[in-house]
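Undergrad: Single-letter residue listing:
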Amino acid sequence: MPYSLLLVFLLPALGIPFVYLTGKKSPRAAAILVALIALANMVLLFTTVPTVLDSPNHEYVEAYYWIPILEAEFTLFVDGISVSLAIITTVLIIVAALFSINYMKGKKNLAVYYSLLNLLSLGLVGVFITSNLLLFYFCWELMLVPAYFIIGGWGYREPFRAAFKFFIFTHAGAVFVLLGIGAIYMVTGATDMFQAQAALMTVSPDLVRWILLSLTAGFAVKMAVVPVHMWLPDAHSEAPSPMSALLSGVIISAGAYAILRLSLGTVFPAVMGTTFGSDFLHGLTVFGVISAFFGSLIALVETDIKRIIAYSSIAHMGYVMFGLSLFPSSAIVGTVTITAAITGTVLHLVNHAVSKGLFFLSAGAIMHQTEVRDIREMGGLAGKMPFTAVASTTAALSIAGTPPFACFISEFLIFVGAFEVINTDGFFLLPTALMLVATVISLAYSLRYLSHVFLGQAKSEDEKKIVDAPNYMKAAMAILAVLVIVLGIWPTFFVHLINTVQFI
Amino acid sequence: MVEIWDIALPIISLVTFAFLTIPVFRVIRRSQHKTALTLAWFSTVFIVSGAAVANLTAKYYSLPSPQPFLNITLTDTPAATYSSAFMIDSISIYMAIMFISVSAVVAFYSIFYLGSKERPSERYFAIMLMLTAAVMGTVFSGDLLTLFIFWEAAAAGSAFLMIYRKTPVALNSTLKYLVMIIIASAFIVFGLSIVHGLTGSLNFWAVRDTLMALSDKRLLLLAFIFIAAGYAIESAIVPFHFWLPDAYTAAPASSAAFLSALIDQGSYYVLIRVLIFILTPPGVLNWTFMLAVMAALTMIVGNLFALIQDNVKRLIANICVADVGYNLVGITSLTSLGLMGNLYFFLIGGITTALSFMAIGIINHYGFKTLEDFSGLGRKMPFVSLALVLAALSFAGVPPLGGFTAKFLVFTAAIQANMGWLAVIGVLTSVLQTAYLMRLISYMYSRKPKDETKIREPKKLLIPIFIFVAAIIILGVYPQAVFDLIQAATQQLQFIK
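Going line by line, the protein sequences match chains A and B.
Counting along the first sequence from 1, when you hit position 129 you're at 131 in our numbering, and nothing is skipped either side.
Counting along the second sequence from 1, when you hit position 267 you're at 311 in our numbering, and nothing is skipped either side.
Honestly, the hints are just simulated from the structure, not real lab data.
Using N, Cα and C, we set each Cβ at its ideal position, and we do this for glycine too.
Worth double-checking, as some hints may not be accurate.
[Unchecked claim] Here are the simulated lysine-lysine pairs, BS3-like style, with alpha carbons at most 25 Å apart:
#, chain 1, residue 1, chain 2, residue 2
1, A, 107, A, 476
2, B, 494, A, 110
3, B, 503, A, 27
4, B, 494, A, 109
5, B, 498, A, 109
6, A, 107, A, 27
[As the list claims (entries may be wrong)] Calculated Cβ distances over 10 Å to all of chain A for the following chain B residues:
#, residue
7, 79
8, 83
9, 148
10, 204
11, 234
12, 260
13, 284
14, 498
15, 499
[Stated by the list, open to error] Quick list of simulated restraints, FRET-style, between CB atoms:
#, chain 1, residue 1, chain 2, residue 2, range
16, B, 499, A, 472, 34 to 42 Å
17, A, 111, B, 494, 17 to 25 Å
18, B, 495, A, 109, 19 to 27 Å
Using the sequences and the hints given, assemble the complete structure.
TA: This is the structure in structure tokens:
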């Protein structure tokens, strides 16, 4: 359908005043409006899928007049990878909006909250559907500002401290991204990712190295890989739960996507096959393994219900980083043979988004109903909140990588990819073994979480009165729980989409 | 054909209106409908002078392409080198359009801002119009003396806007400003006299051509040091910056907005036009490295001083200093991209600082001055706070606001000129800038205010503020709107390396 991607951009942008005005009268209507806009966006994204599947290049492009002086066109672009991530983003926005109806009930200024959520959705989806570097950066920063105000305005404890940390860390990362983008534009004269890729091949490798490092460092902050993860536990745990779901599900995935698309896709081919190239990939592996271990181990001892999940996000970004480092280090430039590792990594972003979204929402439901955050003070909730218990179990087991839930398939694919790479590069043997160990730890913290929260005896008298989550919360969790199971059993749709990609 | 009258018309009309303002205000004060009549009067003023600028633009761009530099002198004799000259090219047109439109918005803000507190003073508005005429004359000047006269009129006249409230602090800081300006103009005059001795002319292009062929450059170096120091003082480059935060803090908000948007940007224009293109282009004297060091220092010092400020108005005044640094980064690169960045920065930087001074003016009116006072302001005055937040984000370079595009252009230009280190310093200071601006924002939204009473925001003052907000958003998302004008300018000016 012509203009579908432009509409994906315009709908949330033009919807903001309507959401605000509706929210003044009835916050619930505003939430439903946000969900409807996201739903419309999802449908629009689905209309591009046939083109992506069938066209010879397996991509769908729209370009509009924007800033010719900077060679910048308003290029909207999707291929198998980006459309998968964009679709899953819209799903998470829908459930976050629905979940907010009950969760945010009684809070102040909800009209502003839903307007910000709508603005956020513009940035979140926009990051995935453009191939212009400037537009990409616009959306990249557009994720930041509304997220800052949502965390700060409606979060827990000292929300603005957490939001400030989040803003400063990721903005500092973003300026390194900007430096990289500026350098790319300067040396190639192109602001389109694919034109830049070709043009960078002729640039002196010294400069390309710096561009690559600057970009990757900037994206790694958003992705919250150790040692630049410090903002994540605070931001994720202080944010209102629907926002945590978006932060963990989409925002950090955007960091991973940007590394795949820009660092590895656009810049990396210019140093492919050199010693620096393979060292770079090995460096990513090391950070990935460290993050996976660090995140899992802290999640194992943490007692705050949301911080456990936050650290588990760091661990999972470790998996993703590990998967990214399995990027083919020598390939014919311009075309990428999709390896099992790349498919697995992108699929893991999708699956992790759904599972972690569900995990945060169920934790949010527990906090909302019990008003307790410490898992040592909980217990026996399975009987009182059976629906939430089932949802949590689904999410936790998926995060632990248990079949038949979603994350199992993608982790499995990443490991298959790892074994493929080990054949040619012995370096990956030890990291792969370590990552398998980390998987066991993730099972351990998931089970610890479940047993503390849902099994055993109630710890205090108040828990008698606790009832299960209200309906909109249940609906939101149900959507994600179904998706976790469906994606676990039948990942074919996304695998097929991702495998059509020919250029990264 | 562009006649000298086409160039003089905007200046003459503004000066005439400035003189007429005094009797007109006397009449208005006796009438029943003071506000309506004042508005009508200023609408007339700006429509007429805007039309004069539009006429000039239309005539200039109807010339056969590519449009030339026009250097128009008052006499046609060969002695024209001594005669006052006007110059017109795309840059001066761009600056003139920017000055007249920004001045109009600020003037409408001033009417309500000053009117709400005391009786609208006719002298204040007369001087404001006079200053607009003076900066307009500066950008159209074609020889060093004309430029000097117009620019000094603008710089010295600003003192009247600063001193308006006549508080001891204002008197003190205005005195400081005047002393600095007098020193600066003495330096400049001395430098100019040497240049005249060397070249026998003050006409831009005559000077430029003679200096290019000059073999003994010792005297020129001396002249350069004096002139550069003079203009560095006037545009508040570190280490000559300390008058600016004092003066802007003591001035009423409407004056600070006017000064930061017109006089400040005008001073960068003078610096760039005279020093880089006319007097000592790098082909004549190579001083880009010095400029780069000054740029780095200005960014660092401006931002560090802003970081430790407790008074929010002073914080913004220090950002004005830092903005000089970002502008210098653009010009240091000596590329057309850098020049584009500069010209775009003039507009965005001017609008953003004016916008924040205007917002802070309203807030100060209710007695909120320090960061502590700003606690919980987001809830008490939602609209003014929103405007201030957007201005802060634009300063910090967050897209899609205009500040981002401006910074992107200047930093990219620095990388292009192999001054990666300068770009890195710029980027790091931007992070610092983000940090203290976010601190301001978190004060406004996270702290609990001392009392929860909501304040009725003056709607009339919000209109000019939101015009500027719309401008930074639109120019950020769609910068091409001004790039068309800017691009013509960058193609005209050739860098002499």
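Undergrad: I'd like to know which numbered hints this structure contradicts. Please list them from smallest to largest.
TA: none
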